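Chains A and B supply the protein sequences, listed in that same order.
Under numbering that gives the first Met the number 0, the first residue of the first sequence is numbered 0, with each subsequent residue one higher.
Under numbering that gives the first Met the number 0, the first residue of the second sequence is numbered 0, with each subsequent residue one higher.
Hints were generated in silico from the structure; no laboratory data involved.
Keep in mind that this is a model prediction, so the values were computed, not measured.
For glycine and all other residues, C-beta sits at the position ideal for the given N, C-alpha and C.
Be a bit skeptical, because a hint or two may be false.
Claimed, not checked - To list a few chain B residues with every Cβ distance to chain A over 10 Å, as calculated:
no.	residue
1	R70
2	L207
3	N474
Claimed, not checked - Interface residues of chain B toward chain A, partial, derived using beta-carbon atoms under 10 Å:
no.	residue
4	S636
5	N760
6	L803
7	Y898
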Amino acid sequence: MKKTLYYIFALFALASCKKDFQLQDNMAITTQSFWKTAADANEGVNSIYSTYHRDALARNHYFMTILRSDEGYSTSPNTDIINTFDVFNITDYTDYLNTGVYQDDYIGINRCNQVLANVPNITMDATLKNQYLGEAYFNRGFFYYDLATLYGNVAIMLHPPTPTDYPATSPQDSVYDQAIADFTKATTLLPNSYNAANLGRATTGAAYAMLGKAYMQTHQYAQAQQAFAWLVTGPGASLYKLVPNYRSNFIETSENNSESVWEWQNALNPADSHDDDTQLSGESQLNYGTSIPPFFAPAPIGFTDGQARRWPVWEFLQETTTTGDRDPRLAATFLYDSTDVRGPDYTMAYGRTWTSLGLATDPSVAHGNTTEVCFRKELDDSTMTGEVFHSGNNYRYIRYADVLLLYAEALNAQGQTAAAYPYVDMVRERAGLAPLSTVKPGLNQSDFLNQLKHERITELTGEGHRWEDLARWGDLSTNLSYRDPSFAHFKTGRDEFMPIPQYDLDANPNLKQNPGY
Amino acid sequence: MQKFRCRALFCARGTLIKYLMMTKLAILFIVAFSTQTFAKSYGQDKNISLQLENVQLKKVFKAIENQGFFRFVYKDDALPHEQLVSISVKNASLDDVLKKILAGTPLTYHKLSDNLIAITHMPAQNRADDAPADKAPPITGKITNTKGEPLPGVTIQEKGTNNVTSTRDDGTFSIVVTSPNATLVFTYVGYQQQQIQIKDQSTINITLTPETSDLNEAVVIGYQTVRKKDLTGATGVVNMANAGKITGGTVGETLQGLVPGVTVRNQGNPGIQPTVEIRGVASFTASDPLYVVDGMLADDNPILNPNDVASVQILKDASAAAIYGSRAGNGVIIITTKHGTTGAPKISVSAKYGIQTLPKKWNVMNAADYLKTDQTEYANSGVTLPTGVQAQITNPTINTNWQDAITRTGNDQDYNVTLSGGGSGTTYFISGNYYNDQGVLIGNQYHRPSLRVNTETHKGRLTFGENVLLNTSQNYYPGGRINAFYEAPSMLPIIAVKGPQYTTIPSDPAGWGFGTNDVPTFANNYVAVANLDKIYATDSRIIGNAYAEFKFTPWLSYRFNTGAEVSFYYNKEVRDTGIWRYENQPPATSVTETRETYTNFLMEHTLNVNKTFGLHNLSAVFGFARTIDKTDFTTASATGLVTAGGTLYTTLSTAQGVPSVSGGTSVNWRQHGYLGRINYGFNDKYLLTLTGRIDEDSRFGPDKRTGYFPSAAAAWRISKELWFNVPWIDDLKIRGSYGQLGISSSLDALSSFPYLAVLNNAPRAVYGVNQTPVVGQYQAALNNPDVHWETRTEGNIGFDANILHNRVTIAADLYRSRSTGVLVQLPQPMYLGVVQQAGQYTVVNAATIENKGIELSVTYHSKEQPFKWDLEGNLTTIDNKVISVGSQGTDAQGNKVNYLQPTDFIRAEVGHSIGAWYMIKTAGIFKSQSEINSYVNKSGQMIQPNAKPGDVKYVDQNGDGQINDNDRQFVGTPWPTLQTGLQFNASYHNFTLNIQLVGIFGYKVYDDVRRVLDSYQLTNFRKDLDPWSTGNPNGKDPRLAVDQPSDPTVSINNMAQTSRWLENASYVRVRNLELGYNLPHNTWSKAGISNARVYISGQNLLTLTGYKGLDPDLVGNGILQRGFDVGNWPPSRVLSGGIQFDF
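Work the whole structure out from these sequences, hints included.
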């Protein structure tokens, strides 16, 4: 009997073999096993670019930059959209509409920080390593630039997160400084261009352009000019030129053209059903595009959650081309009853006339005066007969035209107004307008700036830069309400920035809410 | 109370032993184990020494029992309580002693065995004074037990007289009655009383059935079975007679209201499991108890046919549950299925059919009322009506009742056939069941056929057997994660369910009706969902265990138990073309198939000791248990379903779009447990239980794998003490326990290895001309290498009492538990850029939660014939309190953040319960401008200067003159302060009645569906809406207005974080009412039917509550948001009828 007991206990001992507990190996990749090869580094960088297709960056970002400014507004039945993105009436600081972009920017920053922390330790080709690090610096710079522009005073995270990170609020200028530092670093690491398979990755030119934009927003015009100069007069000048057909900058069939300085790469996944690029086991249904077209397209094609105000239309009509025609950029910018100059019966959208879409208003209202004006640049009306929920049309975040106008603005700001003329003319001439040097020669600094404001409206409306422009010029105020009634609700000292998510304030006492909220 | 007068030797020894018990337990054990000789020498001498003066007979029996070796059984009422006896003997034999003390009483004794003595009435014929005057012929007969053995000493009394006799040794009796219509009452200790009317019979042979004396009832406590009277821990034994009355698919839902300390929250979804919580919520992550079915462990409520269940025991305190160690912290529900008994094969057939209806619907407006109200609303705001709404006013064509459109009369069907029996060492129980639940919501249906085979064989020293359940469930339900209970009431009545006019809407080829630009609403068309997105899920399971037990000696046995639960889960979702909501993302048609294999293997070796020596009773179990738990899955999907010849082809290979596949091992862990329990009892009077378990779990980092879970419990049966002399108390035992348990089910919500920094490979970048997606990887969530078990430490004191001749049973418990190292998510502010999602939660063991409460159950058994009844009542209080939430940072004011906040009006704050309501309080409606003007703070500042008459008035809690989140305050709890259950069972002749009441009091529920309805925006309105207007200044609801930039207070009226949506949810419910009829025996016996019964029942017939939503019994939105009514599917009202035959 003692023997039996002995055997039983021996069996216990056998069964409790410690090998039982070593089973995590090869079930999941961990950070310990990752970050060893160039391929790992590449996948780390890939995760950064994936951020641009997340829900908020691929949709709410447009609402925030376009609708909040004076060029757009919302008549959405979803009043939260109106309150958050149009009329400056945000009551809930945890709502996804106003926190989503903030969150996505930081998810991007985390991805960049992981690359920056781990890739230096990988033994691999030095050029490629530099490129990957440069891409991480560039994108981190962009995410901070975006946060500085939209949320102003935020936390700065420069390493992979740990549970005990309680950074303090950095004022907006410091956030721009961080972006500037990252862009500067990126300019030294990135290649000037890529092969066909890698188009869309950040380039030296993109880094200089973003660097210049960051300097512009902080009114450091000399530095801005110097940064833009790389693209305008420096080594990059040969890489970029304006394309003859303005409209082709916004069509899916002509992506990554010579005017494109930095382009968010979008592709349509026909099987997509979600935008969360961390959702495991749903990768095949992940969106890789933008969902803005159905939200901006006219009813009944889209939901029309965002529309353009009427007044920018008039800006285009102030001047005709040298051949006496309407500025061609108007039709490229807006879909409305007179996108075709002959009116709604000729205006084509999605292969149908404006009239047949049921959008022609009652005959007593003169053409060109209806309120139904849609931003066209993100739409797929020239390639499709309708919109699906997502779109593969790339977002040209920085076009060369933008760089030229900013370069001119930087020169003008330093008193070099005359020197600024040629770059404005390049943009005008592509549109078929007479050179400014002919039409309005010898403008003084302030008039030239006013002229630039007009030029930027006609060239860049509906591309998401209007908010930055107004902020840079100090024009954000209730004074804008004459053309955008939403600005009657603008509260100076508060609405320059979105609120910091309450969740973060609750979690970290070192953070401060933006003023006025 | 009489003074303690005992001076006998045994008393001194008793005191000594008691002293040892209380102080030096260890010494006692050494004595008990090592000194067999002591016990033996003591035991050989069975002679009795007694010295007692003027005590009740009962005390004498007790005193003799206390010397060991002899036990007495007697009917308490039979003893002459008023008669006191004195005795002084030394080394006397039992016979001598009994003769002495029974002299002068109408009692005699029978030795049922060497040491079991029955005290009974003397046969009547021996007592001349009782002989009846009228010498009618005697009634004779024989009384046997259910095994056919004669019962000697049964008391036979002519009802209403002193005419008494008792049976002889061969079970026969003879009695002369005074009246031919007399009724004879047959009474025997341990057996149910029977009454027989003579009605001219001269021979009466009857069989007495054993009384279910609940003190001797076997209770399964995990790896061991003990008598109920020997329990030391808090163990709830479910009265299966009540549980069996409930119509439901799971065992859990049959328990509501039956056991104190057990909270059951129900849902109406077919095939869904209720939420069961034992003694409150001790974790933020998981509150599910551990289920043990015939020794098989499962964290989830198992798919089990409730009809197969023989008993359910609930281990509530640390001592009771400690044998299950790291998995027992949320309590343990031990379910034992039925087994056969030796005898002829018995076949039972039962069928039950029930009609299910939704007890309540939202009272919302029809089209005409809606249009009128909507028109008023737009007119109030000076806004033009949307064109589609205007069109319906001019030409009303549609009037849809959306709630009717999505509901139907459902049904429950439950059919059972069982075959059981046994002979020559083997018993068997075979049961077949078909259960069907067609829910009240369209598109929902659940089927479950199952088969169970339980057998057990004894051969010599070996016992072996198995319990096997085979079942397959099929569940049909709509996909899309759309909650019909939100959508249907808020959907507009002026939208048709379907119509050709809608086919022009993009992505809506079938013409489903939903919101548009012209008729704006974002409500989903659930009828469309049910048609366009269909999920079919089937789960085929084998759950079973096999065991072998070998008895080395009568007191030592070894048991090997091995079991497996294997589940083959298959889920298929077919998404047809079309959308069901305004601004829906139109998806590609697709088919998605998921196959999952779940395996759970268990292997246990246990040694059981069970030994009585003298007055000492020792039982113990030691063992080792090993668990392997693993889930593998494969998911494949393809877009582009093809329709050919009008048929939609829905297989992966017929789809022509983009295919995709993923798979892996989602769960994989091992656990080793070393367990042990020692129960020691001295003379049934002092009971001690020591339990411990050491668990190792692979889900933790190498340093955190091992956990120790010890506990101790003691009980003292005061009623056994000689000095205890309260005649109306039959049995009184007080208990105390203390110990530690682990909560590991919370890990199921995490991943298999929460300590590892796992990469996420879901991101995709697109580059280049081709823009093909390429994989991105990074660590998306934070990991915590130190994560380990949550620990629950619990103390319990209680008592069990049987009083008033065992008619009343009382159990009461008072407990306090503290969970430490509770897993909590650190605040992961968005600036960290991390995500939290399934399999990627980042948690730390940092919080502390306390639960304390009182549990009381009282049962009254009335044993009178023919109207027999019993009444059980119980009450539970659970006081849940957060003690610490770990380091959650500091708030803007520099105060330490001492709360978790799942949404901005629900908090788990230190000093409050989990999920407490933290809101801005409302104070009615502003009736006039002057009321607005006079609503000022101390410094005279207007608090709501922008408000208009008819707006909601909010309480400026901090007095700063404005309303914002800083005005939130605690306004209630989602946890009931008092939970009660009441069950009444009665039988009268062939009729039976069962009534079950549940009463839940003192909690508040957030009515989110009403919040949507009363927002007035993009939704239908409540029919009983009473909006303020100049013409209706006393209106209870805010003014009707459109939310627009020029009228910002409309959205302020609708703020979610206010008490406007909070309601008192206390309720009393008639949970079940059943009326049964046992068909008279002779009607059916020719057909071979031994028993036949028909019944009708109503479940959830009546609910008394002030709650305005559909039902106050709700599961809520997870543990942290238990009281959040997110469109909870209410439990159905079920009207059933059933029949049951035994052959």
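Results of checking the hints against the structure:
1. R70: holds (31 Å)
2. L207: holds (43 Å)
3. N474: holds (21 Å)
4. S636: B/S636 check passes; min Cβ-Cβ to chain A is 7 Å, inside 10 Å.
5. N760: Because about 7 Å separates B/N760 from the closest Cβ in chain A, which is inside the 10 Å limit, the hint holds.
6. L803: With a minimum Cβ separation of about 49 Å from chain A (threshold 10 Å), the hint on B/L803 is violated.
7. Y898: holds (9 Å)
Violated hint for the displayed structure: number 6, the only one.
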